[in-house]
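S.K.: Listed below, chain by chain, are the residues.
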Amino acid sequence: MAIVRIDTVLAKDKDILKQREFEEIALQHTDALLRTALRMTKNEGDAQDLVQETMLKAYRFFDRFERGSNIKAWLFKIMTNIFINNYRQKSRKPTGVSYEDVDDNFLYHQLEGAKGQVADPEELLFSKLMDADVKKAIDELPEDFRVVVVLAFLEGFSYEEIAEIADIQLGTVKSRLHRARKLLQKSLWNYAVHRGFLAEGSK
Amino acid sequence: MNCREALQHLYEYLDHELSDDVAKKIKNHLSTCEHCFETFEFEQHLQEMVSSKGKLEVHSDELKVKVMDRIRELDQEANSAGFFSRYRPYLAAAAAIIFIAVGLFNYLPDQSSKVHAAVSPFLNGHKHCVECLHSGESAPMTVQEIDSCLTSMASVRDTFLKPSEDRSPKLGIVEDCGDMKAAHLVFQYSGSEVSVYVVQDSCFSPPEGMQMKSMENHTYFYDSLDGLNVVLWECRGMWCVAVSQLESGSIMEFASVY
Chain A
1 MAIVRIDTVL AKDKDILKQR EFEEIALQHT DALLRTALRM TKNEGDAQDL VQETMLKAYR
61 FFDRFERGSN IKAWLFKIMT NIFINNYRQK SRKPTGVSYE DVDDNFLYHQ LEGAKGQVAD
121 PEELLFSKLM DADVKKAIDE LPEDFRVVVV LAFLEGFSYE EIAEIADIQL GTVKSRLHRA
181 RKLLQKSLWN YAVHRGFLAE GSK
Chain B
1 MNCREALQHL YEYLDHELSD DVAKKIKNHL STCEHCFETF EFEQHLQEMV SSKGKLEVHS
61 DELKVKVMDR IRELDQEANS AGFFSRYRPY LAAAAAIIFI AVGLFNYLPD QSSKVHAAVS
121 PFLNGHKHCV ECLHSGESAP MTVQEIDSCL TSMASVRDTF LKPSEDRSPK LGIVEDCGDM
181 KAAHLVFQYS GSEVSVYVVQ DSCFSPPEGM QMKSMENHTY FYDSLDGLNV VLWECRGMWC
241 VAVSQLESGS IMEFASVY
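Chains as they are written, first to last, in the numbering used here: chain A, 1 to 203; chain B, 1 to 258.
Among the clues, some could well be false.
What the hints assert, rightly or not - Computed footprint of chain B on chain A, listed as stretches where at least three residues anywhere in the stretch have a Cβ under 8 angstroms from a Cβ of chain B:
#1 24-31
#2 35-48
#3 67-75
#4 81-87
#5 102-110
#6 141-147
#7 150-157
To be verified - A few chain A residues that face chain B, going by a derived Cβ cut-off under 8 angstroms, partial list only:
#8 15
#9 59
#10 131
#11 134
#12 138
#13 172
#14 184
The set of hints was computed from the structure by calculation and includes no laboratory data. Idealized CB from N, CA, C, for every residue including glycine.
Whenever a hint applies, use it, and build me the whole structure from the sequences.
M.R.: Below, the structure written as structure tokens:
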């Protein structure tokens, strides 16, 4: 007589159900994770590894995921953790850009000033600014700012979700977003001037 | 609300992070203040532009396949590890029996190796059989190998247990029902007859009270009867049936029909 647990047979069955559920609700966020991983690591290979690691960890802890809650936020939190622990460079470069001297609504005011030279500077900015400029402006943000910008503007997370994902205070989310906006506006303006379709105007 | 207050909340307003109450006040202000309205409008356009032009294009189809392949691999590894760990109680029990046997009958030292030789092919064989359940062709096991592991198992049973009427299965008629293969297996257990059906066609409705599980390529049935668990599945054209005790998990019978 041999002792064999019959649930060995059923265990496989359970695995398949778990795999199917994971495929159904988690896997669809791979694109979003990969987009954000690219922003975090700035390297295609690292981004792929980071997302794969995230997915495997998520699967391992899938039982702990509260069904019905926001799985995208849950996955992003796992990824952010792995990124901070394993991928982030130890010596992060301090930001070379200063946001202190950038006014609120900087870009809007610059464009107001440019109204003397061109008829519709806003229209010019929106139509002539290239995708690459915007992408580059985001990439050049310091990492902490870049992450909140990507989570808020590109992935549609709420402040509260971002606080949870990045493990920071709600107030920090707000202040980082605010500063990030200033920096973004400044670089977008610089690109516009550099490309020559807008010029510094007199305020 | 004045312009300064409105502008202070500009981004939270655009990000839909304000309470309804405050958002309404801002909306009211915007309807009366052209300057603020234009500023808000510009910032909103800008944000929309950043969102649409800043989004990276990615293709993750390959990555998705890679992830799911790896997940299946890991599950399989975990299962085979779990399978052997589940044998531990049995192996320990076997060791204890052997120890006692050796202790009592010092003149029977060959018993231990005999048990070992008899048990291991069955354990490995049964593992293959379980793997068959999902992987079909991937389990490298022939009918002869299954046969030999069943024989080993019978010899283990006969060596260590007194044959009892209660445990002997009367196996099985494989009924040919046209396209549908079916097996009807009858067991005697504790004086009552356990009757089980195995069918390959998932459209077939199981006998009343039996639970049906559909896998990728086939169907198996399981049932709990009087403290017994009955599981049936097909492996390489052979019906395998395992009857175990619910509480202890020990297999009462393991047999096949082909």
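S.K.: Give a verdict on every hint.
M.R.: Hint check:
1. 24-31: Since three or more residues must qualify, the claim that chain B covers the stretch 24-31 of chain A holds, with 3 doing so at under 8 angstroms.
2. 35-48: holds (count 4)
3. 67-75: violated (count 0)
4. 81-87: It is violated: at least three residues are needed, and the stretch 81-87 of chain A offers just 0 whose Cβ sits closer than 8 angstroms to chain B.
5. 102-110: That given contact holds, which follows from 4 residues of the stretch 102-110 of chain A lying within Cβ reach (below 8 angstroms) of chain B.
6. 141-147: Per the Cβ count (0), the hint is violated.
7. 150-157: Check passed, 3 qualifying residues.
8. 15: It holds, given that the least Cβ distance between residue 15 (chain A) and chain B is near 4 angstroms, below 8 angstroms.
9. 59: holds, 5 angstroms
10. 131: holds, 4 angstroms
11. 134: Holds, because the Cβ-Cβ distance from residue 134 (chain A) to chain B comes to roughly 4 angstroms (cut-off 8 angstroms).
12. 138: holds, 5 angstroms
13. 172: Where the cut-off is 8 angstroms and the nearest Cβ of chain B is about 14 angstroms from residue 172 (chain A), the hint is violated.
14. 184: holds, 7 angstroms
Comparing the model with each earlier hint shows violations of hints 3, 4, 6 and 13; every other hint is respected.
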